[in-house]
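Number of protein chains: 2
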Amino acid sequence: MLSAGQTHPRDRKTQMSNIREADTPIQDDEFKPSQDVIDQITQAIDDGDSAALDMLLEPLHAADVADLIEQLNPARRRTFLGLYSGEIDGEILSEIDESIREEVVDALPHEVLAEAVREMDSDDVVDLIEDLEEPEQQAVLAALDDSDRAAVEQSLNYPEHSAGRLMQSETVTAPEHWTVGDAIAFLRSEDWLPDQFYHVILVDPRMHPTGYVTLGKILSSRPQVPLREITEDSFRTISARQDEGDVAYAFNKYHLISAPVVDDSDRLVGVITIDDAMSVLDEEHEEDFLRMARVSDESHVSDGPFETARQRLPWLIINLFTASISALVISRFEATLSTLVILAALMPIVASTGGIAGTQSLAVAVRALATRELTSANARRVVFRELGAGLLNGIGLATILCLAGTFLLGSFQIGLVLGMAMIANQIVAAMGGVLVPLSLSRLGLDPALASGTFVTTMTDDMGFFAFLGLASWILM
Amino acid sequence: MLSAGQTHPRDRKTQMSNIREADTPIQDDEFKPSQDVIDQITQAIDDGDSAALDMLLEPLHAADVADLIEQLNPARRRTFLGLYSGEIDGEILSEIDESIREEVVDALPHEVLAEAVREMDSDDVVDLIEDLEEPEQQAVLAALDDSDRAAVEQSLNYPEHSAGRLMQSETVTAPEHWTVGDAIAFLRSEDWLPDQFYHVILVDPRMHPTGYVTLGKILSSRPQVPLREITEDSFRTISARQDEGDVAYAFNKYHLISAPVVDDSDRLVGVITIDDAMSVLDEEHEEDFLRMARVSDESHVSDGPFETARQRLPWLIINLFTASISALVISRFEATLSTLVILAALMPIVASTGGIAGTQSLAVAVRALATRELTSANARRVVFRELGAGLLNGIGLATILCLAGTFLLGSFQIGLVLGMAMIANQIVAAMGGVLVPLSLSRLGLDPALASGTFVTTMTDDMGFFAFLGLASWILM
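If you read the protein sequences in the order shown, they are chains A and B.
So the first sequence is numbered by the UniProt record's numbering: it starts at 1 and just counts up by one.
So the second sequence is numbered by the UniProt record's numbering: it starts at 1 and just counts up by one.
Hints were generated in silico from the structure; no laboratory data involved.
Since the model is a prediction, treat every value here as computed from it, not as a measurement.
Careful, some of the hints might be misleading.
For chains that are exact copies, the list does not tell them apart, and a pair is met inside one copy or across any two.
What the hints assert, rightly or not - Cut-off 20 Å, straight-line C-alpha distance, at most; resulting in silico cross-link-like pairs (DMTMM-like, lysine to aspartate or glutamate): (1) K253 with E232; (2) K253 with E133; (3) K253 with D106; (4) K253 with D233; (5) K253 with E229; (6) K253 with E95; (7) K253 with E58.
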């Protein structure tokens with residue numbers, strides 16, 4: 001792990017590839033090997049031709065090799081791992097998706113695994129092993145040097161999804177009294193520096209970070225300049241217990257490039273770099289997006305139909321129950337419906353338009369909670385804003401429905417009932433869309449997870465109830 | 001603009017703030033000023049006390065000042081700009097949300113605006129002015145030095161949302177034959193260096209980038225080492241015409257920190273840094289999230305009810321029309337419904353569960369398209385996977401419905417009709433969820449934008465049609 005800065009055992013040279021504009025909407029673009037290369041690789045696997053495989057994979061970026069391994073079907077992946085496992089290095093290993101990580105680690109010969117993890121930074125080792133089973137975890141830990149193992153074990157002591165898991169323990173520090181010249185001499189004399197680092201962190205004698213200096217400033221300043229005179233204003237430390245989502249938020253908001261991580265006594269224990277924060281930001285968004293659509297964020301494009309069905313079924317079953325509530329609401333109005341069957345055809349209009357409005361209001365609220373734009377300070381104002389917007393759109397839609405009722409269905413009264421029910425339901429939708437996620441958030445739950453079910457249940461039930469209730473009263 | 005590296009006119013010192021764990025779910029956390037400070041600021045604005053305002057805002061990060069300005073109500077914002085406009089610098093200006101940018105720029109005295117834009121990097125100036133009206137654009141351009149104005153105008157010649165708009169034109173380059181010592185001497189002698197830079201880009205005599213060296217490598221290498229011996233394998237150039245979403249994707253996938261941007265003849269024209277790529281990634285996710293919920297990505301938490309209603313109404317009206325199609329489908333079965341009114345109560349179950357399944361399938365497909373995991377190469381396999389999953393879940397739900405029909409409604413036949421309709425609709429949902437976004441993507445349209453409407457229209461219509469059709473056939 002501390003061999004960072006050395007070149008790789010395999011001399012992986014990514015050609016200078018020019019990222020051209022993607023002109024085909026479905027991207028067979030240059031962010032991955034061409035279909036031609038993929039076909040040749042598949043062929044080499046099927047032929048068991050490991051020499052050809054080495055040659056084809058050598059020019060690829062580790063991220064592309066990892067993507068390729070993920071996208072193979074399980075049988076071919078096994079063959080591939082048999083042929084190629086000797087060539088899998090730390091870079092590829094840290095790019096492999098967690099869904100197949102266990103499988104890949106199991107397939108690696110012991111000495112290959114050992115060499116791969118020794119060249120990884122500690123955060124990548126932590127990321128690799130945190131989801132492995134106990135025996136594989138032990139195998140990886142055993143392959144590390146004592147000091148690296150201690151660093152990894154320290155990270156694993158912090159909660160999952162915390163800054164402590166995300167940080168790398170390799171830090172570049174300097175005493176506060178050093179000059180630029182001291183720092184350069186120190187950096188030249190060390191051979192264990194991390195692969196990527198962007199700041200030299202100033203620490204006091206008790207290892208409390210007190211500021212940091214960018215490498216650009218060090219390079220552009222005279223040797224005699226004291227480091228403390230060229231520190232950055234943006235300096236912030238992050239607690240190792242901080243949630244990784246908050247860390248990503250802070251990086252994005254404050255344009256941080258790297259940030260020192262401190263333990264409970266404010267002592268430096270590691271550093272988080274922006275590339276890891278960017279990955280977390282990406283994952284958190286993905287999770288919210290899928291959760292809003294009631295899909296598990298474990299779902300993966302390489303899953304088979306059984307796995308896919310299993311992941312989605314629970315929310316479908318929940319929907320059977322919530323839809324049954326609507327059925328009960330409707331069944332209360334059987335008398336009305338049997339007198340005027342056209343109401344059965346019209347009632348989904350009110351319910352479904354309410355569902356759309358509820359989802360709109362909900363999506364805005366969930367995002368605003370995530371970006372801290374919706375807080376307890378302005379919650380009241382946002383609720384009133386939604387109420388106003390719901391009322392306005394309700395009136396707009398009601399006008400359309402009154403006209404449609406009069407001129408298309410030949411009944412102003414039916415249009416009026418549709419319109420009044422629509423106003424009521426738009427208000428319920430707007431209120432539900434903001435109050436449900438606010439309440440879940442106050443309870444410490446993820447507002448993206450269950451809000452949709454609550455809100456559409458509300459808009460369905462209110463839609464059917466308001467429409468059929470008003471119809472019973474006005475039309476009967 | 002080229003004063004980068006200097007300290008700011010106002011000496012904005014962000015205190016060393018320790019990012020503690022957020023323990024309250026609604027975050028009044030340390031990523032923003034405390035409510036107390038916000039209340040004092042509001043008070044100072046209402047009192048017209050600009051001295052107090054200066055004192056309160058001085059310790060805040062520019063991003064927090066910008067957030068504050070955005071969150072003020074319009075009347076108070078005007079008062080604030082009157083009191084504080086003299087203190088608004090380049091950092092604050094580049095953090096201001098585009099929804100109120102015009103208003104802020106208009107309120108700034110000419111010399112304040114001029115000084116603010118002169119200290120900004122060219123990418124921030126481009127970001128600032130690309131959405132301004134012509135007169136404000138001219139005012140900003142006029143404030144720049146000739147060379148900076150040329151750089152900004154060059155960027156503006158590239159399409160919106162392209163790498164050319166995202167890049168900063170300030171680049172740090174070195175001839176290919178330089179050594180580490182040459183580079184350090186050069187960097188020490190220049191005083192125009194960008195605020196943030198992470199690589200020295202090697203260029204040939206015709207300004208074609210041929211590699212780059214991290215600042216960490218320069219600092220840790222002996223002066224006599226040639227730069228070309230310590231270049232990074234990860235080197236990639238980006239075309240200025242590349243879409244910014246693709247750029248963000250490449251940064252995240254390949255862990256880039258900065259990347260040189262080239263024009264059509266492969267000459268270096270600028271550099272994109274990861275913090276800008278991270279912002280783009282964040283915005284693209286936000287856009288997809290809101291679009292899937294049929295909300296304009298222009299919507300903002302500070303919008304009033306009229307603006308909010310106006311943004312959401314179009315999709316609600318579209319839904320009135322699509323829901324009318326369902327009403328037409330249902331009205332074909334009036335005879336059946338009037339004979340067996342309970343069918344009206346049960347029919348939403350099939351339609352709404354289909355809607356959930358369609359949204360699930362759709363969300364997975366939209367994400368997989370965005371992450372390039374769904375391509376023309378594996379589209380067939382994914383479609384079959386969805387078909388299988390839809391069939392499996394259809395059978396599972398049908399089993400539950402048959403049992404519920406038999407034991408709760410006392411009619412196996414009704415359960416059977418519900419179940420058969422459910423299987424049909426789950427298959428339609430699964431197919432629609434993947435084929436609709438694939439088709440939109442092939443047509444060059446954003447699959448997140450309109451897919452939801454197509455898919456839920458399909459599942460609603462199929463749900464009602466299959467259920468009522470089967471009921472007419474089996475139960476009548």
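Here's how the hints hold up against the structure:
1. In this assembly of identical chains, the alpha carbons of K253 and E232 lie at most 20 Å apart only when taken from the same copy (16 Å versus 29 Å across copies).
2. For a Cα distance limit of 20 Å, the shortest separation of K253 from E133 qualifies neither inside one copy, at 36 Å, nor across copies, at 27 Å.
3. For the identical chains of this complex, K253 and D106 are neighbours neither inside a copy (40 Å) nor across copies (25 Å), given an alpha-carbon limit of 20 Å.
4. With identical chains, the CA atoms of K253 and D233 are at most 20 Å apart within one copy only, with a shortest distance of 15 Å there and 30 Å across copies.
5. Taking identical chains as interchangeable, the C-alpha atoms of K253 and E229 are never at most 20 Å apart, the minima being 25 Å within one chain and 36 Å between chains.
6. For the homomeric pair K253 and E95, the shortest alpha-carbon distance between copies (9 Å) is at most 20 Å, but the shortest distance inside one copy (26 Å) is not.
7. In this homomeric assembly, K253 and E58 come within 20 Å of each other (Cα to Cα) only across copies, at 18 Å, whereas the closest approach inside a single copy is 38 Å.
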